[in-house]
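**Q** In case you want the letters, here they are:
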Amino acid sequence: MIKSRRDFLKTSLALGLIAPFKLSATASAIAAATSNTNYKAVVFISLVGGNDSLSMLIPNKDESADSNFEEKGYDTYSSQRDNIAVANNVLSLNSYKTGFNLDLDLHGNPYHVDGTSDSAFSKGYFSLDNSDIPYGVNSLMPEIAHLINEGEMSVLSNIGNLVEPITKAQVQAGSKEYPPFLFAHNLQRRVIQTGAAGDIYSNGWAGYVADLWEDSFSDSIYEFGVSYAGTPRLLAGDKSSFLSLSSGEPIVANDYDGALGDVLIDMNTTSEDKPLRNFMGNIIINAKNSFEELNNEWTASTPTYESLDPYGNKLFSTYVESTETELDISLRNELLPQLETVAHMMTLGKSHSLPGQIFYVELNGFDHHSAASSKHPQLMRELSLALYSFNKAMKELGLNDDVVTITTTDFGRTAVQNSDGTDHAWGAQQLIMGGCIQGGKMIGELPSILSGGESDSGTSGRIIPTTSYEQVFAPLVNWLGVGEGELTNIFPNLENFKSSDSLSSAFADIF
Amino acid sequence: MFHRLITLSILLSMATACSDSSSNSDLDAYEASRLLTQATFGSTKETANDLESSSASGWLDKQFSMDSAYDDLSEHHLNQETNLGQLRYIMSVYSPENDAYSLNASDEEFNNEGTYGVMRFYQMAATYHLFLTSEEQLRHRMAYALSQLLVVSTSETPLSRRVEAIAYYYDLLAKNAFGNYRDLLQDVATSPAMGVFLSLNGSQASVGSSSTKPDENFAREVMQLFTIGLVELNVDGSPKLNDDGDLIPTYEQIDIENIARSLSGWSVDNSSRFGRVGNTFGIYTKAMVDWDLEKDESSEYHDSGAKTYLGTTVSAGLSATEEMTLLLDTLMAHENVAPFVSKHLIQHFVTSNPSSEYIERVASVFNDNGDGEKGDLEATLRAILLDDEARNANAYEEGQAGKVREPFLQLTDMLRSFNIQGVSDSKNVLGEPIMPPLFLNYRIEGYLSQAPLRSETVFNFFSPNYTPSDEYFTENNLVLPEMEINQGQKLVTQINGFRTIIRSGNLDSDYDYSCETCGTYNDLLKMEFSPLVELFKSELGDDYENNNSTEVDDEGLTPKQRAIKLLIEELSVSLMNNNMPEDYVTLLTDYLETNTMGNDYQIKIAIWHSIQLLTSSNEFKILK
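If you read the sequences in order, they're chains V and D.
First residue of the first sequence: 1, per this note's numbering; consecutive thereafter.
First residue of the second sequence: 1, per this note's numbering; consecutive thereafter.
For the record, the hints were derived by calculation from the structure and aren't laboratory data.
Yeah, the Cβ is synthetic: ideal placement off N, Cα and C, and Gly gets one too.
One or more of the hints may lead you astray.
[To be verified] Here chain V is said to cover these stretches of chain D; the calculated rule only asks that three of the stretch's residues, wherever they fall, bring their Cβ under 8 Å from a Cβ of chain V:
(1) 364-376
(2) 467-473
[Stated by the list, open to error] Reference listing, derived: stretches of chain D covered by chain V, where coverage requires no fewer than 3 residues with Cβ under 8 Å from a Cβ of chain V:
(3) 338-348
(4) 488-495
(5) 564-573
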């Protein structure tokens, strides 16, 4: 019998060879799980739609002054973006902060020009003084610049979906394999999450870990995977489930705590051999029971924070009105409440001595084919505020060394603009944050961004990635406690990126 | 063991009966209700009674030939049985002080205020009006299914304010619901809603030395999501493979770039400049214009150079209008369109996991309706609903049949089952006492994780390929798309949303529908439960003392037991396709017998609880 989508593919490749591969792998990894004495967690932020990371992190080196940056610096960037380029205007972070509180009395919003999103978007950037990172941070994200300068965060440069290292000539000749359906939102987002850039059918890499560690969660309402945005492929395993939650307090089904609840459970319990009805029934019973238990635990302990956000409000404050951000559009208030909830959930996970968890959260709305300079600001602003608050929260909760937060996005966007936005592309810059990562540096390579240039897979600045997502995820999973022996099962392409015999030579340099 | 044998013999006899079933034979009560659950916004006692003892094909004939509000759209904005007409009617009545909302306002004047946030709720009320009350149930159900294929949404600025664009777009779907897919594509591609949603509006040719490129958004999705998909398909929906056993992509990036060039030059019609959109300018209730051709002959927004895509060469010098025709003809001619569109519709009406034979039968009709026409949606829909895999409830192995129902269709089913009515919102500044009833459901998205034409992205509310992490489904390679929004916290929220609507929105409650509550965004939906209360009471001889009567009838039932039996039979018709499972009957009976039914209110509470339970049950959430 076919065991799983992943095994199905393996089996079909092996032409009927029966390999009880997964069973032995499971046994070894359970040992790894139980050796975890310390709660660890990964926060996976999906910037849905394809973040234009060239507007978030602006290549800011002067090409004429340093030939190392030819086709990689500000001149090339701005020449390909007629009306959505961020100005070559270096802003000083220090002039805007007092102990890193934005000085609102001095009208100190660094992104404020005349109260429009467009002007804030293109005003300028913060250079990263304490590092040699060749990017500047958009003026809408002073908190990000601050976190990088403080060594709390690093930039992952030119990350993307890759099956194996590939050059422009190899893309054009088709002589090496690259991910199928490049530039398609749903499938590129999916292969980031399957952990196999050539394979759209596999389970999620976190789902694979959840299957391995299933025993550690079997008696608990908690799961390895927790989603605050539906049912991502990342968390899909063969047999393990994950929690699908919403921001804030877990809500219970009303009226069902007594006799009526017993009837609900009985109605949805069936002994007949009806797989769909049984499955749906279990989902309903589970929703009733687990949310009652979760709600009890949640309301019994609520973390409080002494730190304040950059506006001097409590952490994770949301700004329904635009008066404080001085942007045309209010924040979505999507990521801020999700990360506040994640922090709270982590305290519960830690108190139950779970071996580890992964949290999936989303910020939506990044597909800026048009009106980029009026729509991107609110998203960059929320990302910046959310990561700042989350960093403070992790420190206060004593979790900072046990948590790594990483952003991902469907794909980067074209270095060349269309009328007033950008189109789907390939490599992009991401952010990684945590107490145990190497902070304050650029991980990966600075690519040429010239249209038609050496790194452009085509003609509009669709930059070929130089580091694959799997090179970043593999050390993360290893850090969570999964042995190297299991990594090549989870990330089947990982070995393609080795620079020596050691598997870890394929790891991106995040720790 | 004995019970199991009986069950088996019943199943066997059913199987025999059903194997004779054909689309022309008369439907029994269950079959009638099941067809209506598949093809309408919910079976009601009346519609099921009407259909019982007639045939499925007869019902379809009636639906297809019905006089329609969409037969003549020349006075579109005055036609209250369309989405736009209903929206304009609501706006004219509820905001009579504003000339922009008058029925006399031109397309250009309408909504030129652009800042009336509540209008999006009124547009939803217009959609509810059509879905819940229209006789043209199949047309609207088809339009709704199409809205989840050809997705637009208020999620893109400024469509959340310019909801007349959404209403107009919906009407294009409804107008073409029984027409031809090629005509529908034309209307969709040139609609302001799609133009704004996928930024075809304002996409322009590269000019001079500028590195600016035409926008690729619509160029990509019109192929990936609306017509041909990502890989070459056989007519049965299975992927074609090349000699190496690999999937064959339908297009390359260069095709998208050239199609983007081909599609440059379209703009929402407005009096200022090309591609400009906003809350207060532009006409959103007529097709976009080919700017170079229709607005400014000196402009060159369209890239009229020669280009090649999908193996088709386009010669230089054609207008944007001509190139749109060429592109849509090319896509329509592709072999993928039939299986691609057919499978989507089958999954939305009948089953998540159709056999390849079923897809092929339907796709073949899409390819040729018998008169040599490709893309006939009426013929396609007929093939879908009259197929044995649709009509025969036992056509599949247990577990592979049917689908999980969308939360929204669960809701409309419940609402229609209990005579849903809108509520007069007397918010009128003139304080007029009589206002047209509105179906206001402000919190629908919060309750259900979905609402018509309100998807977060062009990828709809759920993926057609979603498989839950459950061994049965992963091992058998089965998808359950709607399950994506039927689990976890979303499911709990949905159950609580149903509870709120059941409890607050019914005719008999003391709920205050007056203007005082209007501003607080309360949902104004009311179902009618009083007939059920009356039924119960009449069995007690209108005397609550009879609750305690031990006198039994021929079947050995006390008055209270008899009342409960009849109530459950009614609920079975309303919510369970007249086929409530035996264990549900037993459980509900036991529960209700322990309830005190000493007055009207207690009876009503018991009815509410029963409906809450049934709508939170696996049987209700599954369409078999």
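**Q** Against this structure, judge whether each hint is valid.
**A** For each hint, the structure was consulted:
1. Restraint check on the segment 364-376 of chain D versus chain V: 0 residues with Cβ-Cβ distances below 8 Å, three needed, restraint violated.
2. Check result for the segment 467-473 of chain D against chain V: holds, 7 residues qualifying (beta carbon to beta carbon below 8 Å, three or more required).
3. Check on the segment 338-348 of chain D: 0 of its residues sit with their Cβ under 8 Å from a Cβ of chain V, so the three-residue criterion for coverage is violated.
4. Requiring three or more residues with a Cβ within less than 8 Å of a Cβ of chain V, the coverage given for the segment 488-495 of chain D holds, as 7 such residues are present.
5. Here's how the segment 564-573 of chain D fares: 0 of its residues keep a CB closer than 8 Å to some CB of chain V, so the rule of at least three is not met and the hint is violated.
When the structure is compared with the earlier hints, violations turn up for hints 1, 3 and 5 and for no others.
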